Amino acid sequence: MAILEVKNIAKSFDGNQVLKDISFNVEQGQVVAIIGPSGSGKSTLLRCINQLEKADGGEICVDGTRMFYTDSERNKVVYASKQELRDIRLKIGLVFQNFNLFPHFNVMHNITEAPVHVLKKSKEDAEKQAMELLEKMGLTGKEKAYPCELSGGQQQRVSIARALALKPQILFFDEPTSALDPELTGEILKVIKELAKEKMTMVIVTHEMAFARDVANHVIFMDEGYIVEEGSPDELFGNTQNDRTKQFLARFKD
Amino acid sequence: MDWEAIKKVTGILFDYLPNTLKLFTITLLFSIPVGMLVTMLKKCRFKPVAWLTNLYILIMRGTPLMLQIIAIYYAVPMLKANFASGSDGFFASFVNSIDTRSDSYMFTALCVAFVLNYAAYFAEIFRGGVDSIPKGQYEAASMLGMTKMQTFIRIILPQVTKRVVPATANEVITLVKDTSLANVIAYAEITMKAKQQMNTYSSIIPLFIAGLFYFVLNAIVTVIFSLIEKKFNYYK
Ligand SMILES: Nc1ncnc2c1ncn2[C@@H]1O[C@H](COP(=O)(O)OP(=O)(O)OP(=O)(O)O)[C@@H](O)[C@H]1O
Ligand SMILES: [Mg+2]
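Line order of the protein sequences matches chains A and B.
Its first residue numbered 1, the first sequence is counted upward by one per residue in the working numbering.
Its first residue numbered 1001, the second sequence is counted upward by one per residue in the working numbering.
Possibly wrong hints are sitting among the right ones.
[What the hints assert, rightly or not] Below, computed lysine to any residue pairings styled on SDA-like, alpha-carbon distance capped at 25 Å: (1) B:LYS1148 / A:GLU53; (2) A:LYS121 / B:LYS1231; (3) A:LYS82 / B:ILE1156; (4) A:LYS128 / B:ARG1154; (5) B:LYS1162 / A:PHE105; (6) B:LYS1231 / B:LEU1175; (7) B:LYS1135 / A:GLN154; (8) A:LYS7 / A:ASP223; (9) A:LYS82 / B:GLY1145; (10) A:LYS167 / A:LYS193; (11) A:LYS136 / B:LYS1148; (12) A:LYS128 / B:GLN1150.
[To be verified] Label pairs and their in silico Cβ distance ranges: (13) B:LYS1043 / A:ALA179: 26 to 36 Å; (14) B:VAL1223 / A:ALA179: 46 to 56 Å; (15) A:PHE252 / B:PHE1046: 49 to 59 Å; (16) B:GLY1136 / A:LYS120: 20 to 30 Å.
[Stated by the list, open to error] Stretch by stretch, here's where chain A covers chain B in the computed footprint (C-beta under 8 Å, at least three residues): (17) 1126-1139; (18) 1154-1161.
These are calculated hints, taken from the structure and not from any lab test.
Keep in mind it's a predicted model, so treat the numbers as computed, not measured.
Where is the CB? At the ideal position from N, CA and C, for every residue including glycine.
Same shape as in the complex, but just chain B (with noise of 0.2 Å):
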């Protein structure tokens, strides 16, 4: 490959990056919240609901991330074929009303396969770091008259978020790369475009190139949970 086709290579990549960025970002924004909630379930008092989120986290984290992307994606068309011979209701017309041809379902199914994944992750990290709070912390809260509520938002949730920050960053790091799973089902990320053009030009440097995209990305990443930490570190 000469330093043109590099170039033009490059070009392409940058094209499909947002592509990249957006399963990023939404994964993100929503698999944190989905884990606290998650963190919640697994602590709830009512005992059946516990045991069906150490399941769910089971799954998620004991079976590959690409076979969930494959099993979400294909579900919907396979429901279809269940529901094609004259059923209705509610739900089979959903079912049918879906388009799984379009762009938009495709990364409907990528967003619900990544956050339901990651959120499994976030929600150990967050079980592990409400665990480590000391329990002296609850009982001097309590002995000063703090509701429950408060003692959750005041005192354990600013010491939980210092103590997840950097198993927090691991898992960031991990996600950026982890969208590549994307090409499984043909998404159009920059994995699945470098492997294209490797065909292209047989050669593998588009695959470098790719890989030095993902490399910057989690520079980033790594740079700003830095910052993050060190906001945290005026005590302890």
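The shape of chain A in the complex, shown without the other chains (with noise of 0.2 Å):
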């Protein structure tokens, strides 16, 4: 069964249909990027199904869990309740593509800040996790920095660890690198390579195709708010019949 299923994801701001008709499926240990041009709706999808934002109509479900569903005798949308909502939540993590750490805590403090406050986890045990993390993510040594001493790669690189603290069971990126210099994204494409190692869950937006070819099993190529072609790497990046993604990837080509 699928981890994430979402079916028919419809959303439009004041009138701009944004997202039209969006479905798809990811399974477990599957690292699935998303592409696509400027304002297609990457950004819109992924905070639809984080619950940043709330969707027109459709369903999505996480885990075996209905986060919402379409009445369609009423035509409105159905969350599931608070509790559910929450749990759901905590299933998945979120990489903002400006990071968004909490500039008074320190590296430490933003790891633990949910682990002990929200999973009510004691401080030591928290503590030692976040350890774990940070050598994971090659930051030993930089628990008692703030986020402002830190380097934009770093920076990123505590958020993911922040959101691993939660043990999600499928971790989300928004263009994780696009507010990196270009000689800083590689320390986190290793880190998430890392992840896809240890078959970590993952649904990338990113516009590193090179990237998405390298460490994706399945690649989602949306516009103007429609999943255009979906498939593997080789299929969408080799030999590609649909001619929009065409056109699209061959801005790529150098």
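Assemble the dimeric complex from its two separately framed chains, guided by the hints.
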């Protein structure tokens, strides 16, 4: 059974229909890359899945729990109970383009804040886990630093550690490298590759085609609120038959 | 004025300094929490409450504090005059029971005027602080499963506090000077006393001495706030 099921999602912002009819599944352990031109609705889609935005229609299930569905008789989106939404929220993590670390907390505190105050873990356990995560992110020794003292790449790795501290079943990334200098994107891509090796389920919106091809095992191409094409990286990047996909990818060929 | 007279006037002003400080302290102590409350009311989703709050802020900031002091001070005596002709009921008997000639009435009226006025200014400062926190902070907290309350107390409020310190310092410095407006209803604070001494000695030197008092008070306020600002300097 798919760990994430997205069916017929629609969403508009004051009359401007950004998502028209989006359906796809994500299987356990899959790494999905979502690509597409600017304004095609990639961020909006992630935000609908992550409850930061309310969809106008459709249905989303996470790990077998239905987050919302559309009551076709009343044409209304019906959400799960507060408790269920909370449970779902803790199963998914989101890494933002601009990190959104808490500036008044140091690195350690950024990572332990939710485990301690949301999961009610003991401080010792949370800090032990945080140290392990920091080691994995190559940030040992930075636990007392404040976000403003770190480079963008380091901040992004802290924010990945912060999301991982809740042990999410799926981790979403919205252009995790596009706020970074090109020479810093490598360190983030390396971390994501590591996570992929550990069979972490991930959905990554990215403009890095080489990376998408390299690390993803499923690629979704979005344009104007629709999924134009999806498939394995080889199918999409290698020999797509779709004109719009071809046209889009041509821009990334040097 | 000779040296002896200057010393004597300084001594008199010192005796009345506590009255100035009393008004200053009570205003500060109450107007900050009331200001926070006003910020919340302004953000209330029930629109009429937000509108009324805006109207209150508009009036408080749009009219002179001196006028507000006079209006509040004379409101009770005026009401009393209206109620005199044998009216009863809870409100009327409450108003009639107030001794408007007592010192405590005068001080209470002053505090009410000052707190209402300053709360409006603080509310605007706090609102600006809350609005300046990027949306991403709320979204990150919500992605981590934090409740609205946790997000506000643990993530938003500490950052707002840092951001409002400089504007709050300005407001407190103004408050030190504004306490002198209390002399309009003859509250015995240092400006009022300096004016009396000016008449006694036919000299404006008492006013200079009073000015020095405010200057020193504000030097202290400035130092305290720069220490507070430093305390928040550990990030960004
Ligand atoms: N909160 C909002 N209010 C109004 N319009 C919005 C809002 N969020 C997004 N949009 C609009 O929706 C469209 C899709 O935006 P979205 O951010 O999802 O695109 P995207 O595919 O992520 O683009 P990019 O690659 O540039 O990040 C855009 O036209 C944008 O202006
Ligand atoms: Mg986007």
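Evaluated hints:
The straight-line distance between the Cα atoms of B:LYS1148 and A:GLU53 is roughly 16 Å, inside the 25 Å bound, and the hint therefore holds. A hinted pair counts as satisfied when its Cα atoms are at most 25 Å apart, and A:LYS121 with B:LYS1231 does not qualify at roughly 30 Å. For the suggested pair A:LYS82 and B:ILE1156, the alpha carbons sit about 23 Å apart, so the restraint of at most 25 Å is met. Only pairs whose Cα atoms come within 25 Å are accepted, and A:LYS128 paired with B:ARG1154 is accepted, the gap being roughly 22 Å.
The hinted pair formed by B:LYS1162 and A:PHE105 meets the criterion: a straight-line CA distance of about 13 Å does not exceed 25 Å. Annotation: proposed proximity of B:LYS1231 to B:LEU1175 holds, straight-line Cα distance about 23 Å (limit 25 Å). Restraint check: the Cα-Cα separation between B:LYS1135 and A:GLN154 comes to about 22 Å, which is no more than 25 Å; the hinted pair holds. For the hint pairing A:LYS7 with A:ASP223, the CA-to-CA distance comes to about 17 Å; that is within 25 Å, so the pair holds.
For a cut-off of 25 Å, the pair hint linking A:LYS82 to B:GLY1145 stands: about 12 Å separates their Cα positions. Using a Cα cut-off of 25 Å, the hinted pair A:LYS167 and A:LYS193 holds, with the two alpha carbons roughly 17 Å apart. Between A:LYS136 and B:LYS1148 the CA atoms are separated by roughly 31 Å; this puts the pair beyond 25 Å, and the hint is violated. Taken as a hint, the A:LYS128 and B:GLN1150 pair is honoured in the structure, with Cα atoms around 23 Å apart against an allowance of 25 Å.
Judged by the Cβ atoms, the range 26 to 36 Å given for B:LYS1043 and A:ALA179 holds: they are separated by roughly 30 Å. Checked against the hint of 46 to 56 Å, the C-beta distance between B:VAL1223 and A:ALA179 comes to roughly 40 Å, which is inconsistent with it. Checked against the given bound of 49 to 59 Å, the beta carbons of A:PHE252 and B:PHE1046, roughly 51 Å apart, stay inside it. B:GLY1136 and A:LYS120 have their C-beta atoms about 25 Å apart, which keeps the hinted 20 to 30 Å range intact.
Only when three residues or more bring their CB closer than 8 Å to a CB of chain A does the claim for the segment 1126-1139 of chain B stand; here the count is 4, and the claim holds. Residue count for the segment 1154-1161 of chain B with a Cβ under 8 Å from a Cβ of chain A: 4. That meets the three needed, and the coverage hint holds.
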